[in-house]
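For the sequence shown, my numbering begins at 2 and goes up steadily by one.
Among the clues, some could well be false.
[Unchecked claim] As a list, the in silico SDA-like pairs of lysine to any residue whose alpha-carbon atoms are at most 25 Å apart:
#1 K97 to G191
#2 K116 to R29
#3 K195 to P261
#4 K120 to G244
#5 K184 to D243
#6 K17 to G6
#7 K120 to L226
#8 K120 to Q150
#9 K116 to Q224
#10 K221 to L206
#11 K83 to V122
#12 K185 to N253
#13 K73 to Y133
#14 K170 to M126
#15 K10 to Y21
#16 K120 to V200
#17 K146 to Y133
#18 K97 to S229
#19 K184 to E156
#20 K116 to I59
#21 K97 to D243
#22 K221 to L163
#23 K183 to K83
[Claimed, not checked] Label-pair restraints from in silico Cβ distances:
#24 K91 to N247: 39 to 47 Å
#25 R99 to T71: 36 to 44 Å
#26 L227 to E93: 40 to 48 Å
#27 D175 to F207: 19 to 27 Å
#28 R189 to P141: 17 to 25 Å
#29 R13 to T71: 22 to 30 Å
#30 H51 to L227: 34 to 42 Å
#31 E149 to E93: 46 to 54 Å
Everything labelled a hint here was simulated from the structure, so no lab data went into it.
Predicted, not measured: the structure shown is a model, and the values here were computed from it.
All C-beta atoms, glycine included, are put in the ideal place defined by N, C-alpha and C.
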Amino acid sequence: MYSIGQFSKMNRVTIKSLRYYDQVGILRPAFVDQSTGYRYYQSQQMEQLHTIMALRQIGFSIAEIQQSLTHKEAIPAHIRLKQHQLQLEKQEIENKLRQAAYYLHAATEPNIYIKSLPKVVVASMRLTLEHYNDLFVAYPAMGEKMREQGCVLDEILYCFQLFHDGEYKETNIDIEICEAVKKKKENRNGLTFKTFDAVPQAACLFHRGPYETIGDTHTKLHQWLLKSHYTLAGPPREAVIDGIWNEEDQANWLTEVQFPLKSQE
2 MYSIGQFSKM NRVTIKSLRY YDQVGILRPA FVDQSTGYRY YQSQQMEQLH
52 TIMALRQIGF SIAEIQQSLT HKEAIPAHIR LKQHQLQLEK QEIENKLRQA
102 AYYLHAATEP NIYIKSLPKV VVASMRLTLE HYNDLFVAYP AMGEKMREQG
152 CVLDEILYCF QLFHDGEYKE TNIDIEICEA VKKKKENRNG LTFKTFDAVP
202 QAACLFHRGP YETIGDTHTK LHQWLLKSHY TLAGPPREAV IDGIWNEEDQ
252 ANWLTEVQFP LKSQE
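Could you build the full structure based on these sequences and the hints that come with them?
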């Protein structure tokens, strides 16, 4: 028998930890003196203590250790599962570190940030526009078709454009205009109703000002993409926030340019 102090020193573990392991039931003392309350351990318990310490170092919670000790034959499988979880956490941490490094070393760069984009139901029209300003004609025409269909807009989600050319173009633009709606209607009269799944990661940059200069914002995002470990995962988007309908001064128009991302790793 070893006193709790001796057992603590022999195994390089604190007395506080041994008392806690006793309290939660993963390592009970071999004997407790009822008159003094002193705890005593046997040498045979060192193996279980070392298993507990190893699992704690790997990152097991007390509940996970309790489960593992109940089914000791399953410990290797539990460790493999924990290893997989740690690898996922490592990847997430590495992504955060890369993003932190980007923000620290690119203080003079545009304020690009990464976020998720929500799942959305839209009414859409795919068009080839001769010039970007043709949007001012296309949107009202689409709005009239939506009114004929009795569409109800989703006031929370913004409308947006998708650029199927994969890049910003000033002429012959393959564009899809999307308006967030509450529910789908029948596809007709040039309107198509569809659901866009959520996008886990998108690089986003606000553009303040007229559409004539939004190409610069696209260029900044493409330049950022070349230096990152991401590639484009879908057509670039422009989420329209403030525009001609609520701001007379074009300098106050606000559009969020969004690049869906996927990791190259």
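Checked hints:
no.	hint	in the structure
1	K97 to G191	violated (43 Å)
2	K116 to R29	violated (48 Å)
3	K195 to P261	holds (18 Å)
4	K120 to G244	holds (23 Å)
5	K184 to D243	holds (24 Å)
6	K17 to G6	holds (10 Å)
7	K120 to L226	holds (24 Å)
8	K120 to Q150	holds (22 Å)
9	K116 to Q224	holds (18 Å)
10	K221 to L206	holds (9 Å)
11	K83 to V122	violated (38 Å)
12	K185 to N253	violated (32 Å)
13	K73 to Y133	violated (67 Å)
14	K170 to M126	holds (18 Å)
15	K10 to Y21	holds (16 Å)
16	K120 to V200	holds (7 Å)
17	K146 to Y133	holds (21 Å)
18	K97 to S229	holds (13 Å)
19	K184 to E156	holds (13 Å)
20	K116 to I59	violated (31 Å)
21	K97 to D243	violated (31 Å)
22	K221 to L163	holds (18 Å)
23	K183 to K83	violated (42 Å)
24	K91 to N247: 39 to 47 Å	holds (46 Å)
25	R99 to T71: 36 to 44 Å	holds (40 Å)
26	L227 to E93: 40 to 48 Å	violated (24 Å)
27	D175 to F207: 19 to 27 Å	holds (24 Å)
28	R189 to P141: 17 to 25 Å	holds (19 Å)
29	R13 to T71: 22 to 30 Å	holds (26 Å)
30	H51 to L227: 34 to 42 Å	violated (50 Å)
31	E149 to E93: 46 to 54 Å	holds (47 Å)
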